[in-house]
Amino acid sequence: MRLIIIILSIIIISACSSTDLPDKTHTSIKDINSNEVISKDIKAYVSKNLAGWSLPDTSDYIKSWWSFYDKSVIPYAVKTDINDDGIADYGLILKNDSTFRFVILMGNKDSFTHWVSDDFKKSFNSVEKKIQFGLTVQPPGRIDIAIPEIKSLILKSNAINLMEFEMRDCIFYWDNGKIKVFNTKNK
Amino acid sequence: MKNKRWIFIVGLILLIYSCKNNETLTDVDGNVYKTIKIGNQIWMAENLRTTKYLNGNPIYQLRDAKSWSTTQDGAYCTYNNDSVYLKDYGRLYNWHAVSDPRGLAPEGWHIPRPEEIATLIEYLKGDTIAAGKMKIDNINFWLGENSSTNESGFSALPGGYRFGDDGSFHTLGSNGYWWTSTQSYEIFSWSARVFEAFADVNRDKAYMNYGLSVRCIKNYE
Numbered sequence: 001m002r003l004i005i006i007i008l009s010i011i012i013i014s015a016c017s018s019t020d021l022p023d024k025t026h027t028s029i030k031d032i033n034s035n036e037v038i039s040k041d042i043k044a045y046v047s048k049n050l051a052g053w054s055l056p057d058t059s060d061y062i063k064s065w066w067s068f069y070d071k072s073v074i075p076y077a078v079k080t081d082i083n084d085d086g087i088a089d090y091g092l093i094l095k096n097d098s099t100f101r102f103v104i105l106m107g108n109k110d111s112f113t114h115w116v117s118d119d120f121k122k123s124f125n126s127v128e129k130k131i132q133f134g135l136t137v138q139p140p141g142r143i144d145i146a147i148p149e150i151k152s153l154i155l156k157s158n159a160i161n162l163m164e165f166e167m168r169d170c171i172f173y174w175d176n177g178k179i180k181v182f183n184t185k186n187k
Numbered sequence: 001m002k003n004k005r006w007i008f009i010v011g012l013i014l015l016i017y018s019c020k021n022n023e024t025l026t027d028v029d030g031n032v033y034k035t036i037k038i039g040n041q042i043w044m045a046e047n048l049r050t051t052k053y054l055n056g057n058p059i060y061q062l063r064d065a066k067s068w069s070t071t072q073d074g075a076y077c078t079y080n081n082d083s084v085y086l087k088d089y090g091r092l093y094n095w096h097a098v099s100d101p102r103g104l105a106p107e108g109w110h111i112p113r114p115e116e117i118a119t120l121i122e123y124l125k126g127d128t129i130a131a132g133k134m135k136i137d138n139i140n141f142w143l144g145e146n147s148s149t150n151e152s153g154f155s156a157l158p159g160g161y162r163f164g165d166d167g168s169f170h171t172l173g174s175n176g177y178w179w180t181s182t183q184s185y186e187i188f189s190w191s192a193r194v195f196e197a198f199a200d201v202n203r204d205k206a207y208m209n210y211g212l213s214v215r216c217i218k219n220y221e
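If you read the protein sequences in the order shown, they are chains A and B. Mapping to the working numbering: the first sequence position 134 is 134, numbers consecutive. Mapping to the working numbering: the second sequence position 126 is 126, numbers consecutive.
It should be emphasised that the hints constitute simulated quantities derived from the structure, not laboratory data. There could be a bad hint or two in this list.
Stated by the list, open to error - Chain B stretches covered by chain A per the calculated footprint, using a threshold of three residues with CB under 8 angstroms from any CB of chain A: (1) 165 to 174; (2) 185 to 193.
To be verified - Computed cross-link-like contacts, DSSO-like style, restricted to lysine-lysine with a CA-CA straight-line distance of at most 27 angstroms: (3) A:LYS129 with A:LYS156; (4) A:LYS109 with B:LYS66; (5) B:LYS34 with A:LYS156.
Computed from a prediction, not measured in an experiment: that's the story for all the values here. Where a beta carbon is used, it is the ideal one built from N, C-alpha and C, also for glycine.
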């Protein structure tokens with residue numbers, strides 16, 4: 001009986017106190033990109049439908065990339081819904097032997113369709129022969145730029161940024177049933 | 001003796017439950033909401049659904065896109081004007097409704113001020129991780145992501161928003177937007193960070209016609 005009273009007293013004290021949270025600052029932090037983005041379905045789709053191309057890995061990135069970013073953050077894949085259909089779409093950087101490219105997998109009920117950027121033909125870093133580009137999600141809002149020209153983009157839905165380190169190269173966004181590219185850097 | 005022991009145990013259990021924050025909130029429409037204590041603040045744990053101001057006056061329901069984008073009156077809608085979203089995501093309100101002197105928040109509650117959002121984020125150990133502790137941990141929401149913990153009990157849902165310029169609806173399932181007294185705070189499926197000021201009525205009056213979700217906070221005693 002004494003034990004029961006002690007246990008119940010502890011429960012009462014904890015129930016009556018405010019909901020203090022355990023400090024999990026250093027664990028379970030989901031950053032912009034994470035390992036969850038790359039599922040078996042995505043790997044299988046790329047393998048089957050984009051012959052000769054594959055997902056990079058951390059060793060495909062130039063060394064200085066990892067001086068800026070943590071290796072737990074995957075820079076070559078993002079997941080968001082760019083066409084407001086409630087189904088996840090994926091932005092991917094894919095590589096082959098000599099170059100890499102940007103692809104969007106548009107999610108549908110059962111699988112994906114894909115869109116390949118013709119504008120985005122990047123070579124590997126000339127010295128290290130590796131990638132120095134990453135992807136982030138661009139939420140809705142107004143984007144004003146002065147280079148390469150003064151112009152604005154009003155994004156109503158989520159979009160995908162192609163980044164060279166912290167410098168945005170372009171935005172891939174959905175507009176009237178098509179994927180469009182908004183350049184934010186001199187080419 | 002045995003009976004006394006059971007009475008004692010039952011009494012203690014009842015005491016435990018009375019200490020838990022099982023308080024609910026009822027708005028002027030009779031909608032009942034769960035609430036949650038986070039630090040020293042008590043928040044609604046669901047998005048607002050009322051169709052009336054606190055004094056009983058009706059809020060305009062504007063379904064038509066042009067009316068939504070041009071009105072200077074308080075207004076509400078459901079996402080895509082579809083009531084199927086009402087139960088989970090609540091209603092979207094423009095800033096005219098949020099700031100109306102007749103009161104949008106239930107009695108004894110108010111629209112949070114930006115500094116109250118800052119207090120909440122600070123309690124959750126900073127903006128870079130707070131959203132992970134605020135998002136509902138249900139795989140049916142947030143584009144199926146399952147890394148959120150909802151440790152805070154805030155149970156944030158991605159209710160999307162209604163664009164002010166043309167009355168179109170966007171980002172349900174991916175993004176959640178809520179009003180403060182002057183601007184928005186937002187949470188995205190792809191991040192554990194809490195963002196702010198997507199819509200800021202001090203920056204641009206055009207944001208007054210954006211439709212965002214509302215979570216109220218209890219007045220301090």
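Comparing the hints with the structure gives:
Closer than 8 angstroms: that is the beta-carbon criterion, and the segment 165 to 174 of chain B has 8 residues meeting it against chain A, so the requirement of 3 holds. Coverage of the segment 185 to 193 of chain B by chain A holds [criterion: at least 3 residues with CB-CB distance below 8 angstroms; count 6]. Restraint check: the Cα-Cα separation between LYS129 (chain A) and LYS156 (chain A) comes to about 37 angstroms, which exceeds 27 angstroms; the hinted pair is violated. At most 27 angstroms may separate the alpha-carbon atoms for a hinted pair to count; LYS109 (chain A) and LYS66 (chain B) exceed this at roughly 32 angstroms.
Taking the CA atoms of LYS34 (chain B) and LYS156 (chain A), the gap is about 31 angstroms. The hint is violated against a cut of 27 angstroms.
In summary, the structure is inconsistent with hints 3, 4 and 5 from the numbered list given earlier, while agreeing with the others.
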